[in-house]
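Chemist: Start from the sequences, fold in the hints, and give me the full structure.
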Amino acid sequence: MATTATIDAMRPPVPAEPGSGVYSKKLGMWVFLASDVMFFTALIGSYIVLRFGMTDTWAKPGAVLNVPLTGINTFLLICSSVAMVKAYAAIADGKKYFLRKVPGQTLQDGGLKFWLLITILCGAAFVGVQVVEYIKLVGHGFTPSGYREGSLLAEHALADPIRYGAGVGGMYGSTFFTMTGFHGFHVTCGVISMLYLYFTKVLPEKYSAQDYAGIEVIGLYWHFVDLVWIILFTIVYLV
Amino acid sequence: MTSVAHAKHDAHGDAHHAPMSFWQKYIFSTDHKIIGIQFLFVSLFFLLVGGLLAMQIRWQLGFPGQPMPGGGILPETMAPGGVILPEYYIQLVTMHGTFMVFFAIMPLLVGVYANFLIPLKLGAHDMAFPRINMWSFWLALLAGLIMLSGFFMPDGAPRCGWTMYVPCSARPDLSGVTTAQKLWSISIVVLGLSSVMGSVNYITTVINHRAPGMTWFRMPLSVWALFITAILGVLALPVLQGAAIMLLFDQSIGTHFFDPGAGGQPLLWQHLFWFFGHPEVYILILPAMGMVSDIIANGSRKPIFGYHSMVFAIIGIAFLGWIVWGHHMFMSGMNPTLGSTFMVSTLLIAVPSAVKVFNWLGTMWRGQLHFHVPMLNAIGFVSMFTIGGLSGIFMAATPVDIPIHDTQFIVAHIHYVLFGGSLFALFAAITFWYPKMFGRMMNEPLGKVHFWLTLITYNMTFFPMHIIGMGGQMRRIYDPTIYDFLKPQQYLNVFISYSAFALFAVQFLFAFNFLWSLKFGKKAPLNPWNDNGLEWSLPNPAPHGNWAPATPNVYRGPYEYSSPEATDTDFLPQTRKLPTDRDPVPATLSGGH
Numbered sequence: 001m002a003t004t005a006t007i008d009a010m011r012p013p014v015p016a017e018p019g020s021g022v023y024s025k026k027l028g029m030w031v032f033l034a035s036d037v038m039f040f041t042a043l044i045g046s047y048i049v050l051r052f053g054m055t056d057t058w059a060k061p062g063a064v065l066n067v068p069l070t071g072i073n074t075f076l077l078i079c080s081s082v083a084m085v086k087a088y089a090a091i092a093d094g095k096k097y098f099l100r101k102v103p104g105q106t107l108q109d110g111g112l113k114f115w116l117l118i119t120i121l122c123g124a125a126f127v128g129v130q131v132v133e134y135i136k137l138v139g140h141g142f143t144p145s146g147y148r149e150g151s152l153l154a155e156h157a158l159a160d161p162i163r164y165g166a167g168v169g170g171m172y173g174s175t176f177f178t179m180t181g182f183h184g185f186h187v188t189c190g191v192i193s194m195l196y197l198y199f200t201k202v203l204p205e206k207y208s209a210q211d212y213a214g215i216e217v218i219g220l221y222w223h224f225v226d227l228v229w230i231i232l233f234t235i236v237y238l239v
Numbered sequence: 001m002t003s004v005a006h007a008k009h010d011a012h013g014d015a016h017h018a019p020m021s022f023w024q025k026y027i028f029s030t031d032h033k034i035i036g037i038q039f040l041f042v043s044l045f046f047l048l049v050g051g052l053l054a055m056q057i058r059w060q061l062g063f064p065g066q067p068m069p070g071g072g073i074l075p076e077t078m079a080p081g082g083v084i085l086p087e088y089y090i091q092l093v094t095m096h097g098t099f100m101v102f103f104a105i106m107p108l109l110v111g112v113y114a115n116f117l118i119p120l121k122l123g124a125h126d127m128a129f130p131r132i133n134m135w136s137f138w139l140a141l142l143a144g145l146i147m148l149s150g151f152f153m154p155d156g157a158p159r160c161g162w163t164m165y166v167p168c169s170a171r172p173d174l175s176g177v178t179t180a181q182k183l184w185s186i187s188i189v190v191l192g193l194s195s196v197m198g199s200v201n202y203i204t205t206v207i208n209h210r211a212p213g214m215t216w217f218r219m220p221l222s223v224w225a226l227f228i229t230a231i232l233g234v235l236a237l238p239v240l241q242g243a244a245i246m247l248l249f250d251q252s253i254g255t256h257f258f259d260p261g262a263g264g265q266p267l268l269w270q271h272l273f274w275f276f277g278h279p280e281v282y283i284l285i286l287p288a289m290g291m292v293s294d295i296i297a298n299g300s301r302k303p304i305f306g307y308h309s310m311v312f313a314i315i316g317i318a319f320l321g322w323i324v325w326g327h328h329m330f331m332s333g334m335n336p337t338l339g340s341t342f343m344v345s346t347l348l349i350a351v352p353s354a355v356k357v358f359n360w361l362g363t364m365w366r367g368q369l370h371f372h373v374p375m376l377n378a379i380g381f382v383s384m385f386t387i388g389g390l391s392g393i394f395m396a397a398t399p400v401d402i403p404i405h406d407t408q409f410i411v412a413h414i415h416y417v418l419f420g421g422s423l424f425a426l427f428a429a430i431t432f433w434y435p436k437m438f439g440r441m442m443n444e445p446l447g448k449v450h451f452w453l454t455l456i457t458y459n460m461t462f463f464p465m466h467i468i469g470m471g472g473q474m475r476r477i478y479d480p481t482i483y484d485f486l487k488p489q490q491y492l493n494v495f496i497s498y499s500a501f502a503l504f505a506v507q508f509l510f511a512f513n514f515l516w517s518l519k520f521g522k523k524a525p526l527n528p529w530n531d532n533g534l535e536w537s538l539p540n541p542a543p544h545g546n547w548a549p550a551t552p553n554v555y556r557g558p559y560e561y562s563s564p565e566a567t568d569t570d571f572l573p574q575t576r577k578l579p580t581d582r583d584p585v586p587a588t589l590s591g592g593h
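So the sequence lines, in the order shown, correspond to chains V and R. Positions 1 to 239 (this note's numbering) are the ones given, in order, by the first sequence. Positions 1 to 593 (this note's numbering) are the ones given, in order, by the second sequence.
Calculated from the structure, these hints are not laboratory results. Only true hints are included.
Output of the computed footprint for chain V on chain R, the stretches with three or more beta carbons under 8 Å from beta carbons of chain V:
id: 1; region: 191-202
id: 2; region: 240-248
id: 3; region: 253-260
Don't be surprised by glycine CBs; every beta carbon is placed ideally from N, CA and C.
Modeler: Here is the structure:
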């Protein structure tokens with residue numbers, strides 16, 4: 001024993017697990033999100049450079065794009081983020097159920113199954129609205145290569161070149177469809193992943209108050225996608 | 001609180017060890033060592049493809065207009081009667097660069113050695129996400145095949161140089177290529193995905209899966225370098241992906257990002273490409289530097305000189321690498337003030353790079369030098385990288401860059417750092433970890449012959465390129481003899497071409513040695529290089545799961561060679577417990593981290 005004590009004094013102790021204290025799946029998701037930040041930075045940065053590099057003025061907000069519709073869509077996506085937080089909080093408390101009566105309250109208490117379903121529905125609705133928006137825009141003549149010749153928007157642009165940004169149509173279409181398209185792709189991936197989790201893990205009640213890493217990790221991704229949309233909505237639709 | 005709640009998830013990565021079928025074991029493997037070996041074979045194949053393209057380039061530059069031996073097998077659209085057409089020549093140049101950078105050197109360094117070494121050197125059972133790791137390999141192979149398929153399209157492979165400058169690459173009427181230009185963009189997007197998946201894995205593994213006692217500053221420099229490289233990969237590749245997607249949309253769905261006629265900006269492509277491209281340069285050299293550090297310490301039987309400064313130099317190079325991309329664009333018409341900023345930041349990189357070179361010299365100084373094949377190649381790396389680094393300082397200075405821009409001098413520089421640097425380091429690494437991968441040694445005398453012949457023919461090939469570049473030979477010209485001012489130095493082009501053919505031929509020694517030793521090499525002893533690394537505490541080749549279910553304890557840093565504490569040997573493995581060593585204390589007792 002005496003020798004051990006001497007040795008202890010000679011060498012400083014070294015921690016056995018010098019990890020980050022964050023479990024690997026979550027850490028991996030954070031690192032992936034960092035790379036996704038760089039991806040959107042490339043798209044958004046290019047948009048800023050291209051837009052400010054134009055000699056003609058940009059189209060006025062709301063002239064081409066339907067801002068109220070997308071405003072509602074933004075609200076839907078924020079709602080789905082709230083529902084995701086509720087889902088996370090529910091399973092952290094061990095609530096695996098769909099809905100359950102609470103004595104003395106009119107509203108029932110939602111569990112993981114309920115809140116994750118709401119998240120998925122809101123996310124899917126967002127994608128649905130975006131698809132409708134795209135179809136309408138293309139129908140009006142707004143395409144990735146600009147205002148289609150002979151279309152309604154091309155006529156508008158001819159009549160009011162400042163409001164519709166007649167000189168910037170090509171760049172407007174390129175940046176709009178690329179940025180919102182890739183965001184929509186991210187939302188779609190998120191919805192598909194959540195559906196997968198819903199059927200393989202949530203419905204069979206594999207998550208518990210001790211183990212809900214999947215929900216936390218997909219939640220991180222979901223909030224990130226939501227955040228990107230808030231930036232995109234602001235810079236693409238509102239300014 | 002959550003970290004405790006989810007503690008059991010980290011055990012998830014541990015493989016269970018039921019017997020597996022051939023397909024599970026070697027094809028759809030999730031074992032990081034097998035994935036590393038898969039990457040090795042695939043990227044050596046692409047290295048051969050890139051080399052064959054280079055030989056054709058050299059034939060054309062040395063003997064323009066003459067039928068190429070064996071060129072008869074090429075179709076009429078490429079080389080009628082074996083004479084290389086200008087359209088085919090630019091495809092050769094483009095695809096040589098693309099294959100070598102994206103599908104040979106990058107996967108050889110990162111795909112092979114990050115996969116193979118990180119878990120083995122850190123005492124982990126596997127990567128943090130073995131299945132994502134498998135996907136990363138298959139996506140890389142898919143990307144390579146998409147790129148290769150360009151040659152089989154009716155109008156041939158992409159033509160605009162490996163940097164794919166717009167508007168050439170965005171407009172088929174300028175490049176003359178429709179399908180293959182799109183395939184290039186698609187391939188790069190897929191490759192980026194593969195790279196990001198790999199890098200997420202490497203970063204998570206390094207942070208979370210180190211063995212007890214393996215603190216940050218006990219990690220081998222190879223792991224440090226691969227870790228920092230992974231960070232560069234995670235942040236740089238998505239930018240290239242974004243740019244490639246914009247290019248793809250310009251090529252296919254009619255967007256106008258790079259089309260000046262509709263307000264697009266060709267210069268934007270250059271900025272995006274080089275914002276990725278310069279960190280990429282360090283992705284291609286940092287892992288080489290790390291592995292060479294390990295091998296030089298081993299071959300010198302001395303601790304690495306200035307371990308901490310080596311780590312901070314890696315971090316410094318990686319950081320500075322983000323703010324220097326403009327030095328690729330001095331001639332693009334950018335503001336001269338901005339050019340000076342990029343010049344200064346570029347020159348700054350020489351400082352951490354020189355720290356590394358002097359530390360390698362300091363390590364060898366008065367060491368017990370063992371000139372085994374990895375050590376020879378590592379010394380080759382240091383000397384050749386120094387030449388390439390010094391010519392890099394030339395180009396960083398705007399006044400010097402203006403005349404030598406886009407000449408063969410640039411070609412000489414890139415090959416001194418990428419061939420003389422990365423590839424020599426890879427010869428060292430392949431030989432050094434060959435016994436760990438395959439359980440056999442590569443042939444020593446053959447390795448030495450290969451090293452010396454490569455060193456000689458390599459310098460004969462690339463050194464004269466500095467001279468013809470100074471003489472004004474442009475970088476991608478089809479036929480130097482049509483310019484009067486280049487005619488007097490054409491004899492150098494002929495000399496370079498003969499040297500290049502010799503250099504290519506010498507590589508078959510290595511290929512033969514590599515393949516022959518798989519079956520007939522000497523059985524490797526447990527620790528053939530008397531190395532301190534954790535990986536040598538396992539049998540050769542290491543079993544699936546590495547140490548699982550056990551985990552090795554780490555007692556010291558990786559460079560304790562000729563330590564006075566070890567009385568019986570001149571090395572002290574990281575796992576060897578001396579009577580004075582304590583076991584690492586459990587995490588719960590060490591307080592928060």
